[in-house]
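Colleague: Protein chains in written order, with my numbering: chain A, 1 to 305; chain B, 1 to 510.
Calculated directly from the structure, the hints in this document are not laboratory data. Among the hints, erroneous ones may be present.
PhoX-like mimics (lysine-lysine), calculated; alpha carbons at most 20 Å apart, straight line [what the hints assert, rightly or not]:
no.: 1; chain 1: B; residue 1: Lys142; chain 2: B; residue 2: Lys236
no.: 2; chain 1: A; residue 1: Lys129; chain 2: B; residue 2: Lys108
no.: 3; chain 1: B; residue 1: Lys127; chain 2: A; residue 2: Lys97
no.: 4; chain 1: B; residue 1: Lys493; chain 2: A; residue 2: Lys127
no.: 5; chain 1: B; residue 1: Lys77; chain 2: B; residue 2: Lys127
no.: 6; chain 1: B; residue 1: Lys124; chain 2: A; residue 2: Lys111
no.: 7; chain 1: B; residue 1: Lys127; chain 2: A; residue 2: Lys111
no.: 8; chain 1: B; residue 1: Lys49; chain 2: B; residue 2: Lys380
no.: 9; chain 1: A; residue 1: Lys223; chain 2: B; residue 2: Lys429
Computed beta-carbon distance windows for the label pairs [as the list claims (entries may be wrong)]:
no.: 10; chain 1: B; residue 1: Pro52; chain 2: A; residue 2: Ile55; range: 37 to 43 Å
no.: 11; chain 1: B; residue 1: Glu198; chain 2: A; residue 2: Asp60; range: 37 to 43 Å
no.: 12; chain 1: B; residue 1: Lys124; chain 2: A; residue 2: Ala93; range: 56 to 62 Å
no.: 13; chain 1: B; residue 1: Thr270; chain 2: A; residue 2: Leu65; range: 17 to 23 Å
no.: 14; chain 1: B; residue 1: Gly212; chain 2: A; residue 2: Gly66; range: 55 to 61 Å
no.: 15; chain 1: A; residue 1: Pro120; chain 2: B; residue 2: Lys124; range: 26 to 32 Å
no.: 16; chain 1: A; residue 1: Ala93; chain 2: B; residue 2: Gly98; range: 44 to 50 Å
no.: 17; chain 1: A; residue 1: Glu106; chain 2: B; residue 2: Gly134; range: 36 to 42 Å
no.: 18; chain 1: B; residue 1: Ile184; chain 2: A; residue 2: Trp159; range: 51 to 57 Å
no.: 19; chain 1: A; residue 1: Leu65; chain 2: B; residue 2: Val250; range: 48 to 54 Å
Treat the numbers as computed from the prediction; the structure is a model and nothing was measured. The beta-carbon is built from N, C-alpha and C at its ideal position, and this holds for glycine as well.
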Amino acid sequence: MIYRIIQRRKIFLTISSLLVAASIAALAIWGLNFGIDFTGGSLLEVEYRNYQPTITEIQDSLKDLGLNSLVIQPTDNSVILKFQNSSEDVHQAILGKLQSLAAAQEGASFKELQFDAVGPSIGQELKSKSFNATAIVFVLIILYISFSFRKVSRPVASWKYGVAAIIALIHDVIFTLGVFSALGHFWGIEINTPFIAAILTVLGYSVNDTIIVFDRIRENLPKSSEDFENTINRSVNQTLVRSINTSFSAILALLAIIFLGGSSIRDFALALAIGIFVGTYSSIFIASPVLVVWNNLTHRPKKTA
Amino acid sequence: MRAKAWWILLVIILFVAVVGLSVGGNFYNTFSRFLADKTNKIVVLPLVKELPFSLGLDLQGGTHLVYQADVQNIPEKDRAGALESARDVIERRVNAFGVSEPVVQANKSLGGEYRIITELAGVKDVKEAIKLIGETPILEFKEKSQPTAVVSPEASGTVEANVDLNEGWQNTELTGKYLKRATIQFNPNDGTPEVSLEFNTEGAQLFEDITGRNVGQPVAIFLDGYPISAPTVNEKITGGQAVISGHFNVEEAKLLVKRLNSGALPVPITLISQKTVEASLGSQSIDNSLRAGLLGLLLVSLFMILYYRLPGLLSVLSLLVYGLTVLAIFKALPIVIALVLVIIMVGLVFYTFNELKIFNGTLAMLFAVIGILLFFYALKPITLTLSGIAGFILSVGMAVDANILIFSRTREELKQGKTVSQAIDAGFKRAWPSIRDGNVSTILTCLVLMFFGTSSVQGFGTTLFIGIAVSLFSAIVVTRTLFVIILGEWLEKRVWLLGVRRQPEEIKNN
């Protein structure tokens with residue numbers, strides 16, 4: 001049984017174009033919800049036992065300190081406070097106030113769980129570092145694909161495989177960013193350092209997937225009696241089960257983290273899962289169709305003439 | 001080939017025993033003590049050394065502090081040295097604080113900023129630590145409060161061990177701000193290391209006065225209230241140039257220079273980033289990760305067995321070898337064990353590829369490089385962070401990728417009518433280029449992650465790299481060895497075990 005994937009490429013390419021357009025629109029309108037790793041600022045998580053102060057109580061207690069952009073988020077068993085990047089003195093003053101809320105209650109206890117303070121310069125640095133790292137990964141991938149496909153030149157030049165893989169990669173990155181733009185807008189999910197690691201890993205993974213399809217094309221092309229389009233379709237079909245199974249097992253492992261791994265790496269695992277899913281989709285429905293479209297664009301005039 | 005495969009299996013079993021003992025040494029020791037107890041010391045198993053995992057701050061609790069050093073007022077050429085001195089001061093201060101294995105690193109960022117990164121694991125009073133670290137170092141020169149008539153008979157300039165450094169000192173006016181710099185030099189006569197001091201004009205005058213009234217007496221140098229050196233004055237020193245000679249080795253002299261310079265060129269530091277995690281939050285993260293890891297392993301194993309049947313079961317066995325090996329590499333293994341493990345892995349990879357007849361020079365080089373990297377990672381402890389563990393769990397899902405490729409290929413070959421053993425051979429052979437290209441691209445990404453610089457990202461990249469490298473060994477060598485052993489007439493008749501439906505006649509027809 002062979003699925004007519006390449007023949008239906010217009011449907012998939014249209015869907016993907018729409019999704020990418022929607023992602024870009026989301027990024028343009030909502031932007032990304034950057035966390036303190038990027039923007040600079042402070043995050044304080046404290047735990048109250050046998051007593052849960054209300055948000056207003058906490059706000060009132062901290063009123064004198066004049067904190068800018070204070071956000072208070074109660075979680076299952078702790079309270080998270082976010083505010084501008086502050087000195088150690090302010091941190092201690094806040095702790096003192098929060099502690100006194102518990103001290104006023106019988107049998108209540110108070111504990112600081114974590115405190116993050118990031119200076120604005122560090123955030124700027126992280127942004128440029130992330131950008132550089134992504135650029136380096138892109139370049140390495142193009143180089144590697146061009147190198148490993150150097151012997152395949154008919155009917156499509158080897159560098160075009162690299163470009164097709166990169167188009168699929170850009171699709172994956174934009175889509176993942178778009179999803180997180182929406183997640184950030186509606187559920188307040190933030191982009192922090194681990195997210196960068198997730199995006200870079202998705203890049204590596206997505207290209208891994210694409211390469212495996214291309215490898216099959218490379219193997220089938222010389223001995224194929226069919227035309228380019230059908231050879232590619234057969235190759236995609238042959239690798240279809242493997243692509244889906246590999247991503248499925250990786251996503252199974254990630255689901256375990258999403259459900260049991262605790263809140264601090266849930267978003268990270270979610271980004272990876274979304275990226276891996278869309279990476280698999282793009283290696284099947286984008287990278288190979290793009291090769292065919294490109295080939296037809298360059299070869300069709302000759303045929304009709 | 002089967003007889004050889006049994007030998008290989010024996011090597012793999014020994015390999016598993018070694019990694020197993022490295023990972024679960026504590027369980028094994030508990031068991032052997034229990035056994036000795038129950039059998040009245042008849043069965044006494046030797047105990048093994050228990051190796052700990054190295055946990056990051058987010059898992060064991062602690063604080064990560066980043067200080068920005070203000071080097072504006074320090075001449076360009078002295079900046080690196082001044083930062084090194086400031087680092088030394090901080091290290092000494094946190095050591096005094098009683099933190100186990102503190103990390104204090106001087107770091108010049110890509111943007112040319114000078115930073116000092118401090119990691120204090122398990123520190124209880126972060127507030128106190130921050131206060132202590134942030135203070136500017138004070139260098140003071142002190143003399144004996146009651147000049148005594150006792151003149152040291154020994155000659156000059158040496159650090160006297162018998163001088164009581166803690167009591168009876170009084171301040172002089174000379175402090176670190178009059179010291180231009182300290183440098184290490186070597187005595188032209190006997191080549192021993194010496195520390196030379198250079199004072200500014202004002203300092204030269206003060207030093208002349210102090211040495212003038214303390215000839216034959218020690219003058220002590222205090223940093224942050226602790227004595228770091230107490231040379232005896234030989235003669236009155238004019239001109240602002242002095243030399244401390246003594247019985248110290250190069251390391252000691254360097255240390256003294258660093259400490260003197262930290263007072264001479266004090267670098268003001270400001271805390272620009274802090275990350276503090278309470279220990280209970282860390283242990284909760286460990287519990288969560290453990291459960292997530294086990295569930296992930298279980299889900300992936302179930303999937304593999306349900307979908308690929310017998311080969312799936314084999315891949316789950318190699319997945320267990322994979323998990324133990326990666327965990328062992330995370331620990332700091334003794335050099336002999338690390339070497340043996342890597343040699344076995346690379347050796348068996350070479351052997352298996354040779355059997356498959358797809359061995360060549362490029363491949364040998366690729367695995368040699370991976371082997372060397374793995375060897376170094378096996379020697380040093382990999383600090384496990386939350387994201388590092390996530391990388392490990394993800395790699396469990398990805399480690400079966402090579403097997404999925406091989407099994408899918410094997411099924412295709414079976415459907416074309418090949419015998420089971422031919423199909424398996426072809427499956428391994430044909431899947432290899434894809435496995436190679438796919439993994440190399442992921443390894444390239446890992447390398448970028450490792451050099452990214454932020455510790456959580458680095459940790460993730462490192463664990464993912466180790467995972468991919470080991471998975472090449474487990475998925476190819478271990479799975480294939482198991483395959484060769486179970487191959488045989490019985491399996492040819494039961495291709496359904498490989499998930500393929502076929503009539504027995506078909507084999508004959510082909």
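Colleague: For each hint, tell me whether it holds in the structure or not.
Modeller: Evaluated hints:
1. B/Lys142 - B/Lys236: Holds, at roughly 16 Å.
2. A/Lys129 - B/Lys108: This hinted pair holds, its Cα atoms lying about 14 Å apart.
3. B/Lys127 - A/Lys97: holds, 16 Å
4. B/Lys493 - A/Lys127: Not satisfied, since the Cα-Cα distance of roughly 60 Å exceeds 20 Å.
5. B/Lys77 - B/Lys127: Roughly 34 Å separates the two Cα atoms, so the pair is violated.
6. B/Lys124 - A/Lys111: holds, 12 Å
7. B/Lys127 - A/Lys111: holds, 14 Å
8. B/Lys49 - B/Lys380: holds, 16 Å
9. A/Lys223 - B/Lys429: Roughly 18 Å separates the two Cα atoms, so the pair holds.
10. B/Pro52 - A/Ile55: 37 to 43 Å: holds, 42 Å
11. B/Glu198 - A/Asp60: 37 to 43 Å: The hint (37 to 43 Å, Cβ to Cβ) is violated, given that glutamate 198 of chain B and aspartate 60 of chain A are roughly 59 Å apart.
12. B/Lys124 - A/Ala93: 56 to 62 Å: violated, 20 Å
13. B/Thr270 - A/Leu65: 17 to 23 Å: holds, 20 Å
14. B/Gly212 - A/Gly66: 55 to 61 Å: With a Cβ separation near 57 Å, glycine 212 of chain B and glycine 66 of chain A satisfy 55 to 61 Å, so the hint holds.
15. A/Pro120 - B/Lys124: 26 to 32 Å: The hinted range 26 to 32 Å holds for proline 120 of chain A and lysine 124 of chain B, with Cβ atoms some 30 Å apart.
16. A/Ala93 - B/Gly98: 44 to 50 Å: violated, 27 Å
17. A/Glu106 - B/Gly134: 36 to 42 Å: Taking Cβ atoms as reference, glutamate 106 of chain A and glycine 134 of chain B lie about 38 Å apart, which means the hint holds.
18. B/Ile184 - A/Trp159: 51 to 57 Å: holds, 55 Å
19. A/Leu65 - B/Val250: 48 to 54 Å: Hint holds: Cβ distance 52 Å, inside 48 to 54 Å.
Going down the numbered hints, you'll see the structure goes against 4, 5, 11, 12, 16, while the others check out.
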